[in-house]
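Novice: Okay, here's what each chain looks like letter by letter:
Number of protein chains: 4
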Amino acid sequence: MTQNIAILGASGYTGAELVRLVASHPSMKIAALSGDRKAGMEMAEVFPHLRHLDLPTLSTIDEIDFAGIDLAFCALPHGVTHGFARSMPSHLKVVDLSADFRLRDPEVYRKWYGIEHTATDLQNEAVFGLPEFYRDQIASARITANTGCYVATSLLPLIPLLRAGVIAADGLVIDAKSGVSGAGRSLKEGNLFCEVNEGFTAYGIAHHRHMGEMDQELSLAAGRAVEVSFTPHLVPMDRGMMATIYAAGDAAAVHSQLADQFAAEPFVQVLPIGKAPSTQHVKGSNQCHIGVVADRGAGRVIIISVLDNLIKGASGQALQNANIMLGLDETDGLMLSPMFP
Amino acid sequence: MTQNIAILGASGYTGAELVRLVASHPSMKIAALSGDRKAGMEMAEVFPHLRHLDLPTLSTIDEIDFAGIDLAFCALPHGVTHGFARSMPSHLKVVDLSADFRLRDPEVYRKWYGIEHTATDLQNEAVFGLPEFYRDQIASARITANTGCYVATSLLPLIPLLRAGVIAADGLVIDAKSGVSGAGRSLKEGNLFCEVNEGFTAYGIAHHRHMGEMDQELSLAAGRAVEVSFTPHLVPMDRGMMATIYAAGDAAAVHSQLADQFAAEPFVQVLPIGKAPSTQHVKGSNQCHIGVVADRGAGRVIIISVLDNLIKGASGQALQNANIMLGLDETDGLMLSPMFP
Amino acid sequence: MTQNIAILGASGYTGAELVRLVASHPSMKIAALSGDRKAGMEMAEVFPHLRHLDLPTLSTIDEIDFAGIDLAFCALPHGVTHGFARSMPSHLKVVDLSADFRLRDPEVYRKWYGIEHTATDLQNEAVFGLPEFYRDQIASARITANTGCYVATSLLPLIPLLRAGVIAADGLVIDAKSGVSGAGRSLKEGNLFCEVNEGFTAYGIAHHRHMGEMDQELSLAAGRAVEVSFTPHLVPMDRGMMATIYAAGDAAAVHSQLADQFAAEPFVQVLPIGKAPSTQHVKGSNQCHIGVVADRGAGRVIIISVLDNLIKGASGQALQNANIMLGLDETDGLMLSPMFP
Amino acid sequence: MTQNIAILGASGYTGAELVRLVASHPSMKIAALSGDRKAGMEMAEVFPHLRHLDLPTLSTIDEIDFAGIDLAFCALPHGVTHGFARSMPSHLKVVDLSADFRLRDPEVYRKWYGIEHTATDLQNEAVFGLPEFYRDQIASARITANTGCYVATSLLPLIPLLRAGVIAADGLVIDAKSGVSGAGRSLKEGNLFCEVNEGFTAYGIAHHRHMGEMDQELSLAAGRAVEVSFTPHLVPMDRGMMATIYAAGDAAAVHSQLADQFAAEPFVQVLPIGKAPSTQHVKGSNQCHIGVVADRGAGRVIIISVLDNLIKGASGQALQNANIMLGLDETDGLMLSPMFP
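Chains as they are written, first to last, in my numbering: chain S, 1 to 341; chain B, 1001 to 1341; chain L, 2001 to 2341; chain Z, 3001 to 3341.
Just so you know, these hints were derived from the structure itself, not from any lab.
Check each hint, because a few of them may be wrong.
[Stated by the list, open to error] Straight line, CA to CA, 30 Å or less: simulated BS3-like cross-link-like pairs of lysine-lysine: (1) Lys29/S to Lys111/S; (2) Lys275/S to Lys3188/Z; (3) Lys1188/B to Lys3188/Z; (4) Lys38/S to Lys1275/B; (5) Lys1188/B to Lys1111/B; (6) Lys1275/B to Lys2029/L; (7) Lys2275/L to Lys3188/Z; (8) Lys29/S to Lys1029/B; (9) Lys3038/Z to Lys1188/B; (10) Lys2188/L to Lys3188/Z; (11) Lys2111/L to Lys1188/B; (12) Lys188/S to Lys1275/B; (13) Lys3029/Z to Lys2029/L; (14) Lys111/S to Lys93/S; (15) Lys3275/Z to Lys188/S; (16) Lys275/S to Lys1038/B.
Since the model is a prediction, treat every value here as computed from it, not as a measurement.
Full structure from sequences and hints, please.
Specialist: Structure (structure tokens):
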């Protein structure tokens, strides 16, 4: 049975990536595309790389008849979906790529996003969209809150380790790095080619918005409040994300725990102990590679996690969630190998 | 019925790209991989981005039992396949990505490659592997000679225009540009990151080896000897190739001819007249985008053709040829959308 | 004697590059900086790489007292300087980096820039700022019109060849390529990192504004109307510009003419015949490298010219002009070696 | 008085950068250049960007007559200089860019470099070449051991903080990132453009050779044994280096200490508290920018230090040392502003 899909916010990078993935999905059909500022335009004008596909014209959200839609991906700015969500028909499943339904506590949402949440009831209904840990809840969810890209990169190794108590919850340092596509397609001086190229920059130090989600999930995993040191950096490349994590723990135990945890997962590869992963080896795929290396000091371990921020960190994760919500095979449309070089 | 595939030369970039494509092909199975200098290694060591696939260990060519192989892709250096070809079992179909079977005249082969051809009988049997023009011959070929990447980029627009006499055969200028992956994975100082990055260089001016193929096919199309001006350049990016072609001809007639020629082709998109294509919009796909723009001077036209040198210019073209040779749907395993950004 | 310098438009890339160069000039002092939209800000905020310099705060142009200024560099948008020029005190020398004073015919200016010229008298006074050919006129000019970057790259080899009649004036093809800094610091979607990176694009085909200047100067050099084919392309790198020029002429004669012409020039290097230059070898300097290669066809030649678009193509050329206008040594502050890698 | 300079190892990137810097030094003259594998070649062939300079032909080291040389820069591989040093005439001053004279303990040298030191007496004579902390000793040294690039980046902020006790010596994490030129010009697969570009990789985790120097100097500063967590990463860019340092300490106290320490230093800029530096803003210069940001947790601070690995991290530092050793102004030839973009 074909699933009719709407992609809201299709004129941004995660929207375009959703179009690319869904267009080759064996049982999904793109029935509607919105892009408010570019409504009325053909996708071939907005994204010439999609020219060969037969796609709906971009519309406004209001113009979409959701009666015939089975599932909507919302790739909209933070603060938009939670207003829109109230008016959605009850049959509609939603994967929301914004932060609107990620945070269980409306106060925390207000703190990090500066917005009053207007759909706190729906927030309770929403499930945190990391399928490797919340697969069962996602299967029955109406709204799944796709995680932030830094969050997926960091939590994939950290949640099982904290749950098992294999690393200490205190003193965690996450030094994170992202390709520029993570900043989206908005017109900011800092996103211009010449500002970013041939340079490396830290930003949002100690106050990046993804910290709220990380605190929430790490604390749940550890069974107590956890607050990490987190510094994101911008890498002069299109795609790719790395978290270099410094922790107290035994490298062999950490590696063994992660290898067990992810042995059967199709999208997480744990490298042999001592091997460090590279972002270029997951680019273009829904794969996450994790490496574990013993630090010099006894009882110290360095854990490195990499993924493609637009796929496993955003649109691929979203499609993985959608597959689960619709009762499809979780890997449908997602078994693309990384593209190297 | 599953087709058993061997990929010879799997430790280079075109070899790896073949692995990536064939691994997700609906009716092909990778039965053997060779990489002489890296024989005995696992592909996950040689190309960590293929770690999630279940692949044969790299072997030498001699170790492969071709009895059970239906088709071999030869991604070997120029001059190797034509020696090896003699000993191939007669049931084996071959798509050769080297130049060994592209040139009909052994003298021309010797001139451009400095090697005496030792399988001139097989050369007669081989078909020039541009499926858009040689589809029928490829269907019954035992050996298909995949074209050079610059050649595919240039010939896709030029062959139909010369055949139809819509442009003049004299005075053609092809100013071509390639991403660095076209230079392969070999250890040359000129391929080091710091030598190439943040720079733009012309090379092989007036003596690039692809000229032999271009002369041959352009002359066939024009029905008379054609010799173009051809300058290749190196662009600081991984993938992508452009040919900017200056010709005498009427832009509207050129556009109309190309639009008609490629209307039904799955892998060639002719843009609206006046629009220029970009390599980033075909990256990661088997697509070729062609643009036509009127030059200032009356009767002068600029034609721009772009493709991904590793896919439509090499491994994707090879798979397209293999599909035809094996009687499969020509698009099997090749309908991947470009990846942007 | 110290020369007091004003730099108008110091918040753009050519403005910043002027600041960098002038700050280390042996006899110039930066007395005023304007940047209308960023007036009131310190340069260290606008361009953190200039933090170590002791610089004036950015002001509006109106706030500058030109009485104490000897020379102003105008790095303002096209169409601004010609209005402002009327009100300049008569002692003030001006090097204008916009197109406002490059075109001798106001009709041509209107055609390419869509603006009515309001200072046509001053236009007659202005000198075309290519010092290698107009050194004497620049020495006594009050206004020097710095050339466009594509124009400098193309004219440096072409003017002497056309003057000497060593190449044919008809059928010239200039295939040009530029780093992204040529597009300036303005907020356009097409200048975003992810739109440009890992891609190669042609733009402004057959209607780039620099064509007006090129026509003017090439026609003067040839003694008859010349109209070239000119296609600019965008290269995913910060700096660097190449013109690949296809012409009818004898390579040896072309090389000999250029070698003679530039033998004593400090900023133009003619490579040994057959050698192709690279943009990365002039980056960060006021140098232009020119290579000459015989094409395959008898009597056809390929000429390649490279420079740093922000220096020899803009701010370095401007400083070279200023040195001449102020009676200083033409190389003062400009003998920086290229930075490689 | 002109100082005659020899540059040994001039065919590598740090050698070329020394040539570039020394060539524009007001009182130095390049008297000899060695490059053993490229002996007999002109620098214009080895490094076309230096074509405009009048330079000696590359020779072997043996061919150089050191009698007329005042100072030699040794940009040779690790393990070469300490053998060669014994035979140097006693009047010759040496700035060694290798690790041969950085480590006071021959055992530590053997541990990190796997080589027996054969000039341990000279090692005692050598001074650790960080001028900001060892200026007086360098002034009278015959051999100065230029520091590793990661070491300079990390020690500039850390030495004053540990000396003053403003941060804790335990639990220091240094997450470091380098442009690719740090890997030199050697032919390794991992240095090829397509292996590095569009990717981000950690390497040498917990066993990078620069750790020996860091341990030595941090322990001296702290007055007790210090062992940091140190992970280097490779950034897809030519130049630039960052150390992101996580420490226990009060951000205001840290900032104040660093601001005081470097107030009079020409090559170290401490940014306003809370501001993060970028590598692109020091590229091409001898500047180091340091930023200090309070971490979320009370008493935790993040310190970020950036420099150009080829200049302040190598050849610029070497020239700064040479200026001191020769009694010249420390800033001679080094006041180049960063080049952005």
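Novice: Hint by hint, where does the structure go against what was stated? Just the numbers, ascending.
Specialist: 1, 6, 10 and 11
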